[in-house]
Amino acid sequence: EEREFALVFKVLNNAFSPPIQAGCEAAAKKLGDVKCTYIGPTEYDEAKEVQLAQDMVTRGVAGLGISAGNPKAMARIMKMAKEKGIPVVTYDTDVLPEDAGLRSTYIGTDNYEFGVALAQKVLAHKKNGTVCIQSGAPASENLKARVQGIRDTLAGVTKDKGVETLTGQNGWTEPAGCPVYNNDDITLAAQQVRDVMTNNPELSAFVAVGGWAQYAPEAYKQAMTPLKARLDSKDLVVVFGDNFGPQLPLLAAGLSHYNIGQRPYDMGFETIMALDKLSKGGTVEPFIKTGTEICTPEDALTTCGKVAN
Amino acid sequence: MEIDLLKGSSRTLLNRVLLAQETWIALAILVLGLVVSMIAPKFATSGNLLNIFQNACFIGIMAIGMTPVIISGGIDISVGSILGMCGVTLGIVLNADMPLVVGIAATLAMGVLCGTVNGAIIAYVKLPPFIVTLATLSIGRSLALVLTNNQVFYEFGRASESIVALGGGYTFGLPNVVYALVVGVIVLHFLLTMSRWGRYLFAIGGNEPAARLSGIPVDLIKISAYAFSGFMVAVTAIFLVGWLGAVTNSIGTGYELQVIASTVIGGASLTGGFGSALGAGIGAILVETIRNALLLAGVNPFWQGTFVGCFILAAVLLERIRSVRR
Amino acid sequence: MEIDLLKGSSRTLLNRVLLAQETWIALAILVLGLVVSMIAPKFATSGNLLNIFQNACFIGIMAIGMTPVIISGGIDISVGSILGMCGVTLGIVLNADMPLVVGIAATLAMGVLCGTVNGAIIAYVKLPPFIVTLATLSIGRSLALVLTNNQVFYEFGRASESIVALGGGYTFGLPNVVYALVVGVIVLHFLLTMSRWGRYLFAIGGNEPAARLSGIPVDLIKISAYAFSGFMVAVTAIFLVGWLGAVTNSIGTGYELQVIASTVIGGASLTGGFGSALGAGIGAILVETIRNALLLAGVNPFWQGTFVGCFILAAVLLERIRSVRR
Amino acid sequence: MPVLARLEHIVKDFGAVRALDNVSLDINEGEVLGLMGDNGAGKSTLVKTIAGNFQPTSGTYVLEGKPVQLSGPADARRHGIEVVYQDLAICDNLTASANVFLGREIMKSLGPLKVLDHKSMNQRSAEIFRELKSETRPADLVVRMSGGQRQAVAIARTRLAKSKIVLMDEPTAAISVRQVAEVLALIRRMKDQGLSVILISHRMPDVFEVCDRVVVMRRGRKVADKRIAQSSPEEVTGLITGAIQTA
Amino acid sequence: MPVLARLEHIVKDFGAVRALDNVSLDINEGEVLGLMGDNGAGKSTLVKTIAGNFQPTSGTYVLEGKPVQLSGPADARRHGIEVVYQDLAICDNLTASANVFLGREIMKSLGPLKVLDHKSMNQRSAEIFRELKSETRPADLVVRMSGGQRQAVAIARTRLAKSKIVLMDEPTAAISVRQVAEVLALIRRMKDQGLSVILISHRMPDVFEVCDRVVVMRRGRKVADKRIAQSSPEEVTGLITGAIQTA
Ligand SMILES: Nc1ncnc2c1ncn2[C@@H]1O[C@H](COP(=O)(O)OP(=O)(O)OP(=O)(O)O)[C@@H](O)[C@H]1O
Ligand SMILES: Nc1ncnc2c1ncn2[C@@H]1O[C@H](COP(=O)(O)OP(=O)(O)OP(=O)(O)O)[C@@H](O)[C@H]1O
Ligand SMILES: [Mg+2]
Ligand SMILES: [Mg+2]
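Residue numbers (the working numbering), protein chains in the order written: chain U, -19 to 289; chain W, 409 to 734; chain A, 409 to 734; chain F, 1356 to 1602; chain L, 1356 to 1602.
Because the hints were derived from the structure by calculation, they are not lab data.
We put the CB at the ideal spot given by N, CA and C, even for glycine.
Do not rely on the hints blindly, as some may be mistaken.
[Said to hold, decoys possible] Ranges between beta-carbon positions, derived for each pair:
hint, chain 1, residue 1, chain 2, residue 2, range
1, L, D1447, U, E182, 53 to 59 Å
2, W, S445, U, E78, 38 to 44 Å
3, A, L725, W, V509, 34 to 40 Å
4, U, E78, W, L582, 27 to 33 Å
5, L, G1549, F, V1423, 57 to 63 Å
6, U, K141, W, G706, 46 to 52 Å
7, F, P1467, U, K59, 41 to 47 Å
8, U, T276, A, Y587, 37 to 43 Å
9, W, G706, F, S1475, 53 to 59 Å
10, U, P206, A, V510, 31 to 37 Å
11, L, G1597, F, S1587, 53 to 59 Å
12, L, A1371, W, T579, 48 to 54 Å
One chain only, chain U, in its complex shape:
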């Protein structure tokens, strides 16, 4: 008897999606009697994702992994699943704390911590100055948490005292027009990097909470190469989220200083493993950190990023 585990992701048309699917399928293959059903809307649509999850519950899968694009709505579907006795875990994007009881575990990154990590790399080289943050879709909860992590860390405050735009706290300010949102449009992301660099020649730090601009490696190279001297002297610090294939040569070339990657493959893999345990009546840790991986120009082409790719 083959068990079907369904992983519902926010959007398939995204760099994160293939490694999650690969991890999911690898784990299923390893277990042997498990089928990985990996689905999601092809373009970002919260309501559609919720509907897909609901379809899976109706269909009666043996286990459900959820990346909660709209956490509140997903919580209701998870409740339905729970009532039907389907084991549920979240991965990549968790539900709200008050709904944590609806899932057995969250497998992924802590996005706020992720932002903190990005900012700490900036602070390692710069104590104050101007910073421009690049994000994707303004509404994304994951990305907002990362941006918040960056701002709080630079401002030197704790999570509970969160700051809005940096206007000089702890010596950090955000220049006019920042942060920039690219709505997951890679072309726009690359154009934004160039615009920001052209118009803020004194910028101290550029932090992208995801890899968008570097998915356009040549455009990125073109925008950053003129600043190579400032980059080499760390007069301008550039920290990027993610460490996918196209990004690493850029890091190796010194066009960014740090790339902090997540482990989407592990998320997919661990989700299946957790569901396997749960469906056999076992228990799992309430938070399985897949962790982050900090890549530097030195290890960019050698040890780093091998898991994600």
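Chain U is fixed; fit chains W, A, F and L with the ligands onto it per the hints.
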């Protein structure tokens, strides 16, 4: 079912039903359902069918709103953004711990306001509807961001439970939103076939200068069509927010094309003068059935868009063949 | 500049220039530029102006392609998806270590093929352009996913350097893509004003049955308009992929509305019969200038959509006022 | 014959174009008035001004002794003025009956609601079509109809209410000999019922067959206003072309 | 008079509608043929069949002694057949000159390229308009023109090439008395040049003024084909309405 075949036409009832786009789309849904049931027995379970029906409702209600606009010869591609504006309004009001009725009233008012602005620019400034609503699409999405300052609303104060019960709840075993769709279809059908307003919409879509010469208040009717569209979007927003339990400002992005596709599949003509309430609802159900059927049949989801696109083409082709024979 | 005012009109040259939409949009860009320069002196630096110009090129080239389609009374909302298909084609071919010319040929062929399919359905099956391209929008996006299996291409084999040099390189201090835009404007301007093809496009957009009765091969001309649009999208894809250095299948999502907005701002009329090559380019530059100006002026980026929307409205309003006085 | 309507020194400008230039005109009860003139002479503009579609730039419009400012076609209709427009002004996607009643539908009560009374409208249209000796079926879509049937639909609209003045803008331009005879007969019948009819036509024989009086326009001005009996086709032709200056 | 074109037993069906039913017709050189009939009798369909817009469902079409199958209007034009369509078939957004030359633009060489020769076309159109005694300016947009000027543009198109047959579908329907006289004069001039003209009209006086022969259609059938001199308006009216069966 064009309005004017309804009463006293020289054709028989059977003839009329056979010639209606709705009949054929309903048939397509049936055939699709039967084929998929063979491959995936889970398709025909009541739970799954209910899911399909419910999922289709959101686009379906908006398509009902779009129908009068398209009948009058216009188009509204800002519906996705209006959905965002309405959702955000509901979120802000409820988040401020207002009672549900206030939230609903504010949301409906916002929807009607957005639609009225569209309609007023189109009717009085006489700019093409596609462009006007393209501009308000951009403006609406932007204002939703500004209004929320990019915050997501999960907390609806004292209305928390009631809004969720409304949008996500069931009555007599059916999701509430299904009743909204059915009521919408019936009311619009009545309006289109039995009211002056409906008659005037068809007249404007058929020959606007003629309608004007006949003394029809063309501008007001046009504005009311867009306002109706905005109203139905607001209704969708209320149910959608209740169902999701949260409001993000990106809600509804890209829905305009889905809504227009549903309306057109259901037999409305983008050149104006034709369309029906039932068609809009059935069109939305067809699209959702395709999506669900592919999923259950185990087709790679990447293919989904291809199937939907082909069905859109098939539906308008059918509509063409029908109208030649009519 | 409508084609038929160009030669031997009874109006003076000055009069014609003053009446042209392009003049006014160029003026708007200038005024916007001056205002922003006051607030943000960095705006008027050559580096920034060059950025604006290059950023506008991608949408601009696609808008040039859209212009004949709109002149002929059609619309192509599948351009974003065609961009995806073309980009993916280029990625796959180069990734298979083919020489650059093969990649370019394949990409152009794919663009022309997509456009021809659109055009053929519209011309021969006689379905409305909006619906046909709505369907192919969905189909194209889906096929791009299927073809790539959602992989990103950033290795271009032996063509790696040459494609990057083409798309991202500079010639005489200007990005190559700028030359593509300029050549596109000149060629299309020539075609519209001096060739039979251009004349026939205007005739079809003005009165299609009349064009048919005059013995104009209406169907072929229509198909060629969509094919031209596909071709220009393919050109955009080549430069865009070269500039980005990578291909994802989501490339171009949502570009259709930006392209149409640019074309319309530049004076094309969605009812057909009017439009110009220069207008399309200038429209794209205006939109990009707004985006850049807001960024530099330090306006909350959330407001951006509101400004763009208002400018779209202002541009068509201007076009209306102009056409009344014409 | 009592004067039903009187135009006094009417001027109508469209931007720089003066479409009507100081036109004064009496419309008498029970009289058929022929309105002739070259293309662009201002006939349609005059008719649309009388029918309330255009507001005159200056001048007075007196209806039944009282100066009026018509706000639109519906307002004119309330004063008993009906128009058959040159381009017929018909909606192809509606039925004949819906077109006839467009803008003044018969409503019935359905509980607390007022709804369209399709049946009454079809019956009443059928009666009118019978009266007009047209074979038009009320419940058929206009899109399928011949030119003559469409004309019948347009004319039927004027028969709905107790109208006093019927304006007809080239009702016989594109219809066949038989139908022309029918329309002319209809005009005569309307006259017998005491209606005023204004007939715009380029067809000299029609005008001389049914009209009591002929008014000739040239470049926005009225250049002649004569009883038919005291004029001749040759004179009118001369007036239209400008060979004869005024009469 | 030699026969230029001959239709033999032409049938044209549109789905269930038989628009032309076994129509045979000779078109003679230098003759003006009047084509009359009720609305929907099939006149326009007949003209469009002769002009290559429609392919007959059955029957033979003989041009200058050879059976032909015209593939479209351009093909008909190559055979010397020109048409002025009922609805004028003019593009409002183009200039008068562009409309006149639509589909057969004059090209000039620009290096290796062939480009539109705007100047020659404007000059040639100006000549034709002068010939037609019309005040139309070649470089003006048609959208601004009066009905008569538009008619002139449509007629000018037939004067471009050495045509043999000119088909005119209700050229005088909506134009004024003066312009009607001009069009009739033009028809006579064409006849004098040895052209065959087919004139569709609902205006009996026009037909009796310029035509040599009159053909009457009723419900898709030819019911009369007589020399004008041997007929009378009364007879033709009877034939159109069906009061007289055939003649
Ligand atoms: N809405 C309008 N805007 C601008 N000019 C107009 C408008 N309507 C009419 N005109 C102009 O007014 C003048 C008179 O036009 P009108 O239509 O009254 O002529 P007409 O006598 O009815 O001609 P026809 O016999 O061709 O119907 C013309 O020069 C016309 O161009
Ligand atoms: N393209 C078509 N498709 C279907 N039916 C057509 C088509 N064209 C004409 N008909 C039908 O053929 C018949 C003859 O029409 P036609 O236009 O030839 O008449 P006509 O004599 O020119 O009339 P009129 O005087 O009104 O111009 C009519 O019944 C008409 O409805
Ligand atoms: Mg007129
Ligand atoms: Mg005809």
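Next item on the list: Go through the numbered hints given earlier and state which of them the structure violates, listing their numbers in rising order.
Entry: 11
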